[in-house]
Amino acid sequence: MSTLKITDLHVSVETDQGTKQILRGVNLEINSGETHAIMGPNGSGKSTLAYTIAGHPKYTVDSGSITLDGVDVLEMSVDERAKAGLFLAMQYPVEIPGVTVTNFLRTAKTAIDGEAPSLRNWIKDVRESMANLKMDSSFAERNVNEGFSGGEKKRHEILQLELLKPKFAVLDETDSGLDVDALKIVSEGVNRAKENSDMGVLLITHYTRILRYIKPEFVHVFVNGKVAEEGGPELADRLESEGYDRYLEIA
Amino acid sequence: MTVPVQVRSARPKSTNPADFEAVTGRELDWKFTPVAKLQELIAGDLDGSRFDYTASETAGVSLSWIPVSDPRVGSAGLPEDKASANAWAAATEVLLVSVTSEDVSEITITRDALGTTHRAAHIVIEAAPFSKGTVVLQNNGDARLVENVEILVGAEAQLNVISVQEWNDDALHLASHFSRVGRNASLQHSVVSLTGEVIRVNPSTVLAEDGSSVNMLGVYFADAHQHIEQQVYVNHDAPQSKSRVTYKGALQGKGARTVWIGDVLIGNKATGTDSYEQNRNLMLTEGTRADSIPNLEIETGDIAGAGHASATGRFDDEQLFYLQARGISEEEARRLVVRGFLNEVVQQLGVPALAERIEASLNAELEAGVK
Ligand SMILES: Nc1ncnc2c1ncn2[C@@H]1O[C@H](COP(=O)(O)OP(=O)(O)OP(=O)(O)O)[C@@H](O)[C@H]1O
Ligand SMILES: [Mg+2]
Numbered sequence: 001m002s003t004l005k006i007t008d009l010h011v012s013v014e015t016d017q018g019t020k021q022i023l024r025g026v027n028l029e030i031n032s033g034e035t036h037a038i039m040g041p042n043g044s045g046k047s048t049l050a051y052t053i054a055g056h057p058k059y060t061v062d063s064g065s066i067t068l069d070g071v072d073v074l075e076m077s078v079d080e081r082a083k084a085g086l087f088l089a090m091q092y093p094v095e096i097p098g099v100t101v102t103n104f105l106r107t108a109k110t111a112i113d114g115e116a117p118s119l120r121n122w123i124k125d126v127r128e129s130m131a132n133l134k135m136d137s138s139f140a141e142r143n144v145n146e147g148f149s150g151g152e153k154k155r156h157e158i159l160q161l162e163l164l165k166p167k168f169a170v171l172d173e174t175d176s177g178l179d180v181d182a183l184k185i186v187s188e189g190v191n192r193a194k195e196n197s198d199m200g201v202l203l204i205t206h207y208t209r210i211l212r213y214i215k216p217e218f219v220h221v222f223v224n225g226k227v228a229e230e231g232g233p234e235l236a237d238r239l240e241s242e243g244y245d246r247y248l249e250i251a
Numbered sequence: 001m002t003v004p005v006q007v008r009s010a011r012p013k014s015t016n017p018a019d020f021e022a023v024t025g026r027e028l029d030w031k032f033t034p035v036a037k038l039q040e041l042i043a044g045d046l047d048g049s050r051f052d053y054t055a056s057e058t059a060g061v062s063l064s065w066i067p068v069s070d071p072r073v074g075s076a077g078l079p080e081d082k083a084s085a086n087a088w089a090a091a092t093e094v095l096l097v098s099v100t101s102e103d104v105s106e107i108t109i110t111r112d113a114l115g116t117t118h119r120a121a122h123i124v125i126e127a128a129p130f131s132k133g134t135v136v137l138q139n140n141g142d143a144r145l146v147e148n149v150e151i152l153v154g155a156e157a158q159l160n161v162i163s164v165q166e167w168n169d170d171a172l173h174l175a176s177h178f179s180r181v182g183r184n185a186s187l188q189h190s191v192v193s194l195t196g197e198v199i200r201v202n203p204s205t206v207l208a209e210d211g212s213s214v215n216m217l218g219v220y221f222a223d224a225h226q227h228i229e230q231q232v233y234v235n236h237d238a239p240q241s242k243s244r245v246t247y248k249g250a251l252q253g254k255g256a257r258t259v260w261i262g263d264v265l266i267g268n269k270a271t272g273t274d275s276y277e278q279n280r281n282l283m284l285t286e287g288t289r290a291d292s293i294p295n296l297e298i299e300t301g302d303i304a305g306a307g308h309a310s311a312t313g314r315f316d317d318e319q320l321f322y323l324q325a326r327g328i329s330e331e332e333a334r335r336l337v338v339r340g341f342l343n344e345v346v347q348q349l350g351v352p353a354l355a356e357r358i359e360a361s362l363n364a365e366l367e368a369g370v371k
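Chains as they are written, first to last, in our numbering: chain C, 1 to 251; chain H, 1 to 371.
Bear in mind the hints are in silico, worked out from the structure with no lab data behind them.
Check each hint, because a few of them may be wrong.
[What the hints assert, rightly or not] List of simulated lysine to aspartate or glutamate pairs, EDC-like, C-alpha gap at most 20 Å:
#1 C:Lys58 / H:Asp316
#2 C:Lys153 / H:Glu359
#3 C:Lys83 / H:Glu365
#4 C:Lys58 / H:Glu318
#5 C:Lys153 / H:Glu318
#6 C:Lys58 / H:Asp317
#7 C:Lys5 / C:Glu240
[What the hints assert, rightly or not] Short, incomplete list of chain C residues facing chain H, as computed with Cβ under 7 Å:
#8 His56
#9 Met76
#10 Val78
#11 Asp79
#12 Lys83
#13 Leu88
#14 Ile96
#15 Pro97
#16 Gly98
#17 Val99
#18 Thr107
#19 Ala111
#20 Gly114
#21 Ala116
#22 Ile185
All C-beta atoms, glycine included, are put in the ideal place defined by N, C-alpha and C.
Produce the complete structure using the sequences and hints provided.
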């Protein structure tokens, strides 16, 4: 079993107006097989947390720690974190002109495993995962995210998740911009990955509808750069009916 | 002082270097070029005797030396600058590359023993009517070279010409390419510039007859203190002619410098023409400079399409982050992005073995840059 542990994390970003503090003491612990939902209003710092876990260079960790099975994640480069088993499904995946999905996936798989996958199995795995996610096989020859619709980009993120088999996946608003059918397909992809690998999930979302398909054991309310309340799945329902006003008044 | 000529089509032409004033570096067509390093090539004595080359035996393509008095010499175009005229006047013989086969033929002409003598060269590539062929000019080793390359594409012919610059690091190379494309013929012309201190290859194409077309491609990679320049000119002089110009380059390291000037003229006879030119540059590090200047001159109201685009961008850190977040190392991620960027052109070259070599060469340059 693995544990991803975030302790008293303070993070800031340099802006034109000076240093801006975003995360103000985040504590969070996720074990293999667990699903945690993070919900919170716009601008509360959810993506910042996700990016900081993945190691985006824009964000500065001022204090606190992130460890994976006791090993300091903050000391690792971005690619080392991915190799250690951390995966971030991005809110806004970028386009990479001239690099095909096939080439990208194979390069990533080779990097993560430290060796090239056996060709025959790999082609089969990619084809299967794409079919599961209802992605047309023509995507394989298209350039990464180039001209993909919002929903297609999200499926492509989950395709990577299925193929790269991380220990922990952070899903940053993977549900935004998806219609109901796509939401189901994407959720099934996440659930399949969980079943096959005992992966831990940190699911960032605004809405409870994805929680009908991906069931969290824990819900964290994120306000003003930290966790304001924690509970079980029932907390999500309460948020849906009451909103965040209660927490904003306190903050 | 003479008034600078603005309109490309009105530039003076001459084979006599004395007809051009001394180059100072202030002229429109020299102002981006490091002329101080090039004066001996522009105006000095040049060795215009036969140059050494090696070429594979290829059915349907023949090579021979012809006198400068041959009527084909000068039939594709005439010098528009002093360096080109200097080479024209100095060359005592012209290498004729004659493509006659109607089956596709491919020849690589390698020059790797030019040495450090200041020299002039003149090549005529002639594609007979209905012929199909690929001619690769592969340039390696030392060079202090000024040359004129004339390309004559006969009616209905399909010709692919590629000039590859992989010179030694201190090489100096000035080239003017003049192409004339005949009725319903098509030319693909590519300039691949990788290594050499100063490389200036100026290709111009006249779409001279009905239905002629040209696809002009360029791919370049400038390292620290390297100057790579190309002044591209397409002259639509006949109806229903079509041109595409796509030049893409990457710059890396202090003082890496590239210049692209793209002139397209759509003359008053050129009704129903279609043209699009673009130049894109990717700056991989600080301290590089890419000049990119598209020009479109249109003299007829009846065109099918004409457009241009030019963009110079920095390496996108978000792309790097995305790839690294999937476990790919920074070095490999850079390689992927740059290769992806240049691929649009490399994939069109039409010579798979060459495309592979270029990829390998780009990888080597990138690796050298990361260290
Ligand atoms: N690179 C940056 N430069 C400047 N400000 C930033 C940057 N990144 C985040 N911020 C600011 O930090 C705050 C938190 O942003 P973040 O994207 O983490 O919020 P979020 O909770 O993910 O919001 P949303 O629900 O809209 O996705 C916002 O006020 C945002 O404007
Ligand atoms: Mg966000």
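Could you work out which of the previously given hints the structure breaks and list their numbers from low to high?
The structure conflicts with hints 2, 3, 7, 9, 20, 21 and 22, although it agrees with all the remaining ones.
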